[in-house]
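Assemble chain A onto chain P, guided by the hints.
Number of protein chains: 2
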Amino acid sequence: MDNFDFRNPTKIIFGRGTEARVGAETALHARKVLLHFGGRSVKASGLLDRVTASLRAAGVEWVELGGVVPNPRLSLVHEGVALCKAHGLGLVLAVGGGSVIDSAKAIAMGAKTDRDVWDFYLGKAEPQAALPVATVLTIPAAGSESSTGTVITNEEGLLKRAVNSELIYPVFSILNPELAFTLPPFQIACGAADILAHLMERYFTTVTDVAFMDRMLEATMKTIIAQAPLVLAKPTDYAAWSEFMWAGTIAHNNLLNTGRVGDWASHDIEHELSGIYDVAHGAGLAVVFPAWMKFAMHRDVARFAQWAVRVWNVEMDYFHPETTAREGIRRMEAFFHSLGLGTRLADLGIGGDRLDEMAAKGTDGNQRTVGNFIRLDQQAVRQVLQLAV
Amino acid sequence: MDNFDFRNPTKIIFGRGTEARVGAETALHARKVLLHFGGRSVKASGLLDRVTASLRAAGVEWVELGGVVPNPRLSLVHEGVALCKAHGLGLVLAVGGGSVIDSAKAIAMGAKTDRDVWDFYLGKAEPQAALPVATVLTIPAAGSESSTGTVITNEEGLLKRAVNSELIYPVFSILNPELAFTLPPFQIACGAADILAHLMERYFTTVTDVAFMDRMLEATMKTIIAQAPLVLAKPTDYAAWSEFMWAGTIAHNNLLNTGRVGDWASHDIEHELSGIYDVAHGAGLAVVFPAWMKFAMHRDVARFAQWAVRVWNVEMDYFHPETTAREGIRRMEAFFHSLGLGTRLADLGIGGDRLDEMAAKGTDGNQRTVGNFIRLDQQAVRQVLQLAV
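Protein chains in written order, with numbering that gives the first Met the number 0: chain P, 0 to 388; chain A, 0 to 388.
In case anyone wonders, no lab produced these hints; they're calculated from the structure. Here the structure is a predicted model, which is why all the values come from computation and not from measurement. Every residue gets a Cβ at the ideal spot worked out from N, C-alpha and C, and that includes glycine. What you were told as hints is all true, and nothing was included just to trick you.
If the Cβ cut is set under 7 angstroms, some of the chain A residues that face chain P in the computed set are:
hint	residue
1	M0
2	N2
3	F3
4	D4
5	R6
6	P8
7	G14
8	A210
9	F211
10	R214
11	T222
12	A238
13	S241
14	E242
15	W245
16	A246
In silico PhoX-like links for lysine-lysine, alpha-carbon gap of 20 angstroms or less:
hint	chain 1	residue 1	chain 2	residue 2
17	P	K10	A	K10
18	A	K111	A	K31
19	A	K84	A	K31
20	P	K84	P	K111
21	A	K360	A	K123
22	P	K221	A	K221
Far from chain P, by Cβ distances over 12 angstroms, these chain A residues were calculated:
hint	residue
23	G58
24	G66
25	P69
26	G122
27	A128
28	P234
29	E326
30	G341
31	A345
32	D355
33	K360
Next comes chain P alone, as it looks inside the complex (with noise of 0.2 angstroms):
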């Protein structure tokens, strides 16, 4: 186990009604804040009412920016930035998914610098100071709601990077089930493959007598692995809803990956392929995830062996292990479909035409590897996108 530091200062404030808290809790932290949300959703459900309700009645003046879109846009974080400014808000409330919340925390940091808050994603600077973030959740998938990290998207180049800071943890996070029953079945099985790609970027380590942690995103897999179905089937089902829910918040909530480090290859890649193709980040994911895997399990056969064992369920072949690892990989590509997702590229709509571009940004010009586990040249990003085909 590897030294490390953690802490996480969110407050979650877990199930049914909580919304109706958003008011008060914000009120501990400012006075006047930036509304930040998607589209229709939001205001058809009637959520974003109730949302501003709550915030009337705590005496919370705000000012709304709606228009969130999936992979969340630079531009849109430039609007919030000069709304913070001009308005002297004190506050980020995203109500919505992942890409509401990094495009928020965007916006927080952004309002506390004179830099353009694209350097922070570029590597250019360091942020020193943001705004407090508060959420309201409604899809179950980034982790965004009690995480370091934002990923945003510059259409300008179609770049996506991530930021990571422990400023923009959320000071409250409003994790109420119920606000997810509204999920189209696509986006829960995008949520669900995300959630299970945040656990297993962090599993596929180098680091060695990391036990515990193993057990805990074992754990962790099984839940999403377990609730997933019963939630597409019923989605009105709150028990299935609430395990499904609380398990993506600690998937991504730096508990985890504890003592440990991460890969996340397949997060980087990606990150090409949803900046190109506009894809759906858990769709994404369940396409490279599975060629990730292929390219990667000789490092380390018996991870792949123990992961397959355990969240699985498949019987160990102690003379073949490798057998065991492929029949894990097998069983989760199975799972995938189960969901209604695709596993290559050509089930997204995507051919074979730009892999080169694809690994070239991926790595900068083969400036940079990605991942840990094994660290990919341009070459070996490459050769995972034909794995993905």
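Just chain A now, kept in the frame of chain P:
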């Protein structure tokens, strides 16, 4: 799953040599602190010298208060409160195990009130403020290094009582597994029993639809069961200690009881035991818990069977789940024996002559019940104690 709020702001600083950071971390909160510890061991090991060197280097002044004993006493807490008030101290730094930390938390609350701090333990008042508490942990067991709890014994009447408050989450805790290398085997065994008990108190709940946290609790129990024999066999096994220590913290940091109500009857009953007989808390729990299980299992045999299968690898007897459950309890008792712990009152040198007294004290003369899985009145507590004879 029940609605819940969860927030744990303690910064965990984990790994080899991390006690060298205590000065710099303390200086973020206070310039003059109470340095609180137990007896010889932290001096003999040189730990106290390393801590004071780090404080000095960071420009932090301190007042020393040693002498904390297991089942920490109210009289020393009063001394600490007086020192904090007399010297205007700004933080209580605990260097030691759960007893030292619990004592530090009591002092931290007492320093910020004009009341007798014991009032909080008697439930006569709620704490409204506390000095920040920080810890350098030497004994993985109580979980107090990242919890809201503190348990103090009032020598007058040998009353052992608890307070839970978010005010006393430590601001940081330094966890260096190397500091546990010198623990005597009995203390290691008691720590393992205490940690397992924290997990089992949470596990045995009547709240339904708690599958995710069930699995997380099982993962943590399996970690302790796997690692405790390793550290007993080789006290300098850093890898095993690091799993054990981190699992001990997570077991009690409030994450694993999210959405559920734990039982805690065994802890309450053990408090009566150690209040009167001054036995080690973990040793007492290894006696009380099996007895409680035999009394309580009929409330939900399926839950006990799940625990036996998943935690103790018992093969499920689908036709006789109670047989499965009983085999789980048997394996737990065998595990405690393998650590060198007894599982009967007689093993602690305790006869059956004061069972009535303990049952009466534990229920305030049958004025309250203990436990949630089953609510035990005075007579039921007496029956549990009888099963432990």
